[in-house]
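S.K.: Position chain Y with the ligands against the provided structure of chain G, taking the given hints into account.
Just so you know, the sequences run in chain order G and Y. Here this note's numbering is used: the first residue of the first sequence is 1, the next is one more, and so on. Here this note's numbering is used: the first residue of the second sequence is 1, the next is one more, and so on.
What the hints contain is simulated information worked out from the structure, not anything from laboratory work. All figures in this text were calculated on a predicted structure; none of them were measured in a lab. Among the hints, a few may not be true.
Cross-link-like lysine-lysine pairs, in silico, DSS-like; alpha carbons within 25 Å at most [as the list claims (entries may be wrong)]:
(1) 8/Y to 233/G
(2) 120/G to 58/Y
(3) 330/G to 312/G
(4) 58/Y to 233/G
(5) 397/G to 383/G
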Amino acid sequence: MKSEYDVVVIGAGPAGSIAAKTAAKKGLDVLLIEKRQEIGDPVRCAEGVSKIWLRKHIEPDHRWICADLKGSRIFSPDGTMIEMAEEIAGGEVGYVLERKIFDRALAYESAKAGVEVMVKTRALDLIIENGFIKGVKVMHLGETYDISSKIVIAADGVESKVGRWAGIDTSIKPSDIETCAQYLMSGTGIDQNYCYFHIGNEIAPGGYVWIFPKGGDLANVGIGILGSKSGEKHAVDYLNEFIEKNYPNARTLEMDVGGVPVCGSIDKTITNGLMLVGDAARQSDPITGGGIINAMEAGKIAGEVAYNAISKGDVSINALKEYEDRWRAKIGHEIDNSLMVKDIFIKFTDPEINSLAHSLEKVNFSSMSLLDLLYALFKANKKLLWDLRVLFKNVIKYDMDFER
Amino acid sequence: MVTVVVNKFKCGYCGACVSVCPTGALELVETWIDVSEMCTACGICVRICPVGAIEVEK
Ligand SMILES: Cc1cc2nc3c(=O)[nH]c(=O)nc-3n(C[C@H](O)[C@H](O)[C@H](O)COP(=O)(O)OP(=O)(O)OC[C@H]3O[C@@H](n4cnc5c(N)ncnc54)[C@H](O)[C@@H]3O)c2cc1C
Ligand code: SF4
Ligand code: SF4
Chain G
1 MKSEYDVVVI GAGPAGSIAA KTAAKKGLDV LLIEKRQEIG DPVRCAEGVS
51 KIWLRKHIEP DHRWICADLK GSRIFSPDGT MIEMAEEIAG GEVGYVLERK
101 IFDRALAYES AKAGVEVMVK TRALDLIIEN GFIKGVKVMH LGETYDISSK
151 IVIAADGVES KVGRWAGIDT SIKPSDIETC AQYLMSGTGI DQNYCYFHIG
201 NEIAPGGYVW IFPKGGDLAN VGIGILGSKS GEKHAVDYLN EFIEKNYPNA
251 RTLEMDVGGV PVCGSIDKTI TNGLMLVGDA ARQSDPITGG GIINAMEAGK
301 IAGEVAYNAI SKGDVSINAL KEYEDRWRAK IGHEIDNSLM VKDIFIKFTD
351 PEINSLAHSL EKVNFSSMSL LDLLYALFKA NKKLLWDLRV LFKNVIKYDM
401 DFER
Chain Y
1 MVTVVVNKFK CGYCGACVSV CPTGALELVE TWIDVSEMCT ACGICVRICP
51 VGAIEVEK
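This is chain G alone, in the form it adopts within the complex (with noise of 0.2 Å):
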């Protein structure tokens, strides 16, 4: 570790990892911190991701994937099931990652493209001079150190502090986090080409339960309920009720918490010589809670302009509200209308949601896209939906697919 970088990204997760490859690439002098001693360890995520959108940052590689996904099983409160099947080349359109080696081989890409990687290495605080964000000072193995930089990245996940050290108030509200737990079981007996939810407020109040296949006879079983809703019970809590009535015989093999933020894409990502990415800027998606693909577009958008900002000698906020508006156009305007689709869902009741999982009962689809669901919903509810109508314009109007 020297004592100056051009760049300081901190926290190696996807955002960070893929931040810190694309400045060094540029020809950037990049240092990589992470706290945790293993890189992707503890795990907090689902697992599942766009194939598609995978395929722009890391050529998939089987020592990573679990799961080919073919498909979706949606179950309303009173069991009626909506079957969502892409029949596409193939068949398989998403997959299930094992994050423990995706997330180190996305650090191993940057240590490749020559970023010096640091983990058990957590930042404190920032360098803050004249209104500039001019490094960061680090604790490795209990002593800390000092270390400046032109452009600090702040990639740390949910529990982002870097944001507000720099006076960007990133804490979220209750009613704007899913609270998460999920088991590693063998032996739930579901069909691996399939990623299954159960959507109710009985089981899930403001959330939902997920099914993720991980290969041979393993699945991702978790729940996630709106914290506002939690208190009494506990995330862990609900999930173990399911687990009780429905799989009682699986095995539980590891144990995955966490938060997800879905408050939709906060005020301002940016200041002088700073940019969060990722969970950090709560890029989050407010509806799937989705944030893999979100965090390496924000990533690598982030890593393209500390290039150009330090190449033109103006780390400012100016310069770097390049950042800001890219990722906005390219992952924004879905991140807010997930924000309105989940405004509209939380508030529905167990028997509306069955009775919208009804009207979908003959509907044929061809995709497992949100986007193709949540178009037959409408066409079919109207009136319970009428306000998703202002959704299907900005579809339109930005080209959106809601596919991540």
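M.R.: Frame of chain G; chain Y with the ligands shown alone:
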């Protein structure tokens, strides 16, 4: 002083509590949560924790 205590045997060090703390009193160090004197015992993190590992302590 009123503050919160984290049951380290239950905690899965996920950082969800850190993200909702309005005062920035919590920090996920590596595999444990540090609580600073900035805690106002508002109870938000207690509700949010996926496993119920946090309690308000008098
Ligand atoms: C239960 C659950 C299920 C999910 N399921 C999915 C899914 O199926 N599909 C999907 O796309 N997304 C899913 N997500 C969301 C997804 O996991 C995140 O959006 C994604 O990991 C964000 O990537 P990131 O790089 O921004 O942050 P992270 O992957 O969280 O990485 C942040 C890194 O920064 C490090 N760090 C934090 N603070 C510091 C510091 N001070 N100093 C040094 N390092 C630091 C952390 O240790 C961590 O390694 C899920 C999330 C949860 C909780
Ligand atoms: S939310 Fe709960 S499990 Fe997660 S780090 Fe905080 S105390 Fe631990
Ligand atoms: S009780 Fe409130 S102030 Fe104290 S740590 Fe929890 S969220 Fe923060």
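S.K.: Does each hint hold? Answer for all of them.
M.R.: Going down the list of hints, with the structure as the test:
1. Between the alpha carbons of residue 8/Y and residue 233/G the distance comes to roughly 19 Å, so the proposed pair stays at or under 25 Å and holds.
2. Taken as a hint, the residue 120/G and residue 58/Y pair is broken in the structure, with Cα atoms around 34 Å apart against an allowance of 25 Å.
3. A C-alpha spacing of about 24 Å is found between residue 330/G and residue 312/G, which places the hinted pair at or below 25 Å, so the restraint holds.
4. For the hint pairing residue 58/Y with residue 233/G, the CA-to-CA distance comes to about 22 Å; that is within 25 Å, so the pair holds.
5. Of the supplied pair hints, the one linking residue 397/G and residue 383/G holds, its CA atoms being roughly 23 Å apart against a limit of 25 Å.
In summary, the structure is inconsistent with hint 2 from the numbered list given earlier, while agreeing with all the others.
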